[in-house]
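> Residue numbers (this note's numbering), protein chains in the order written: chain A, 1 to 322; chain B, 1001 to 1339.
Treat the hints as calculated values from the structure; they're not laboratory data. Treat each hint with caution, since some may be false.
[Unchecked claim] Under the rule of at most 20 angstroms between Cα atoms (straight-line distance), these lysine to any residue pairs were calculated in the SDA-like manner:
1) A:Lys240 / B:Leu1153
2) A:Lys260 / B:Leu1148
3) A:Lys240 / B:Glu1174
4) A:Lys33 / B:Leu1148
5) A:Lys33 / B:Thr1163
6) A:Lys33 / B:Asn1177
7) A:Lys319 / B:Leu1148
All of these numbers come straight from a predicted model, not from anything done at the bench.
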Amino acid sequence: MKLSTFLATTAALAIGASAVYAEGADIFVIGGKPDDPFWSIVKRGAEDAALVVEAQGGSVTWLGPQNYDNLGVDAAELIRQAIDQGADGVIGPNWVPEAMDPAFQAVVDAGIPLVIYNAGGLEAADRLGALNYVGAVDYLAGVAGGEWLGNNGGTVGLCVNSLPGAANIEDYCNGFAEGMENTGHTATTLPLPATAQGNVTAVAQAVRAHLLQNPDINAVFATANLDAVGIVQGIQQAGKAGQVQICGINFDEAILTNIKSGQQACAIDQQGYQQGFYAVSILNGHINYGLSIPTREILTGPGVVDASNIDATMLGAGKGTR
Amino acid sequence: MSPDAPRTSGPAASIGNLIRRPEFGTLIGTIVVYAFFASLGGKVFLGAPGWSAFLTMAAEVGIIALPVGLLMIAGELDISVGAVVPAAALTCALVSGHYDLPTWYGVLAGLAVGLMIGFINGYLVSRTAIPSLIITIGTMFGTMGLTLGLTVLIAGSTGVFMTPDPVAKLMLGESINFMFRVTIFWWLGFALVIYYLLHVAPWGNWVFALGGDRDSARNAGIPIRRVTIGLYMLSGFAAAFVGVSQVLTFGSAQVAAGQAFIFNSIMCVVIGGVLLTGGAGSVVGIVLGTLTFSIVNQGIFFSGLDPNYGSIIIGALLLIAVMSNDTFRKLALSYATKK
């Protein structure tokens, strides 16, 4: 594995070196639809990094699918398109390994340096012979939430799982439990029945009932945006505002407002801007000057939004970087 | 199943009559379920927190279950309510949040969306021979797609945020004593109006007649198209009302919400003793069925039972309720034929 990475890197160096004198690095970034709220933030990070790439005579091209109906195949097609257009470097998420691995393999086989970002993890980067992985890990996001609450007065935690069975939600909840345990506390999970799915009132009422029945719970973890808004009301209606803290995965305007007003303690963010920004920067430095980042697996999350950085976060949200 | 079969208006003359009323089975179910969870949930469930929890939940699903119940009495289904809830919520949030217009514009726009989808449903059901189940599944997906597409197009995000004006929030989204959502009173209002429509006004007879025998109803001169369209507009309006009140309560609307209301509303109606084949049912039954459903849903969280098994209890309850309804209905009918 390591050897293949090394070989790919040296091969890429040779090609990259010739590109330097030509006109800088032409980097192709495969990502989500540009109008997707999350991906527009990633794209913004890539664009900001592109300023340096362009100053050095290169270019950054964003390739996104028209829709997500046939994601794996469409994304593989975009990767091949990048090779055909003479990419000096390729950045892509490994969303659907079965469909996309052969295309990524073609990138490496052509001697083009590759960075995997957003999805796939370091494991995919190693398997494919990519330079690095830039992204977040769901489980660690849960751990961050658990540790934040555990370090800020939470002693008995509860993870609200409104989608029992979904792998990423299970990861969040298991991570949260580990985070609480790391700080010397405990946590349980509250799975909601299918009759509550997508019904914020049902989530609020379920959490309220559970809090009243288990008065020792003082730290709640939300795994979806609308759940967090519902849980804030559930806590209020249980008469426990100020006694029970809530932290959640991801955020939107409603959640930022709640953090600003102190109704929600924190939100865990995978920081998509960093994914676009660092993936492009790492690849550009590598192609142009043979630079490398010895740290493998660049984690862009978990980032924590709480009272200490809420104003900067809101400013960033207004500018499309958060 | 003649059109005038189990009409259930008028005061009960005696205990015997009461027991033979079709809602009686539902009432027993409500009491049994309440007693069951009261014995497990203790003081908290018996007190205001317990009552407000299941009443708040019952109010939302109940507002939708009432007109869905009318449709089922008339022999039709409405699956699209699950898509109308988020469509109305997002319309309201887009108008009053994204475009920053007064809250009432958003509320009216949201309700108008519900009426419009209801009209389309009613028009298609009354003009074609396609079963209403299929038509409303179609309009459900159509509405979901439009909601997602337009929201992303306009707001660039799948969730929209709004700050409701205090008067609107007070009327539709506030909680009394931090517990009892005002929707509970709206539910009561909906129940009274629909009780009048179904059991007092002549229009109600038409609804029963539609579910009993559509052809006879047409031959009897009932304007079945107008009644069908009216019924669907009512259910669209009710679903939109719940969507709008949710967005005013929580200040945030998400495209992926509302699915649960489809099965939940049908469950409430069936627990309430409405025949799936149409032609029989009552408003009191639907209200009691909604209460039973909500007590079970909330009771699980008060009871200390493992929430992992919550759905089993909900499913078992539905089956038991329908079986006991059938028993009481047979009792009522056999008594009537003996006379």
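> Now tell me if each hint is right for this structure.
Evaluated hints:
no., hint, verdict
1, A:Lys240 / B:Leu1153, "violated (39 angstroms)"
2, A:Lys260 / B:Leu1148, "violated (28 angstroms)"
3, A:Lys240 / B:Glu1174, "holds (18 angstroms)"
4, A:Lys33 / B:Leu1148, "holds (14 angstroms)"
5, A:Lys33 / B:Thr1163, "violated (29 angstroms)"
6, A:Lys33 / B:Asn1177, "violated (45 angstroms)"
7, A:Lys319 / B:Leu1148, "violated (24 angstroms)"
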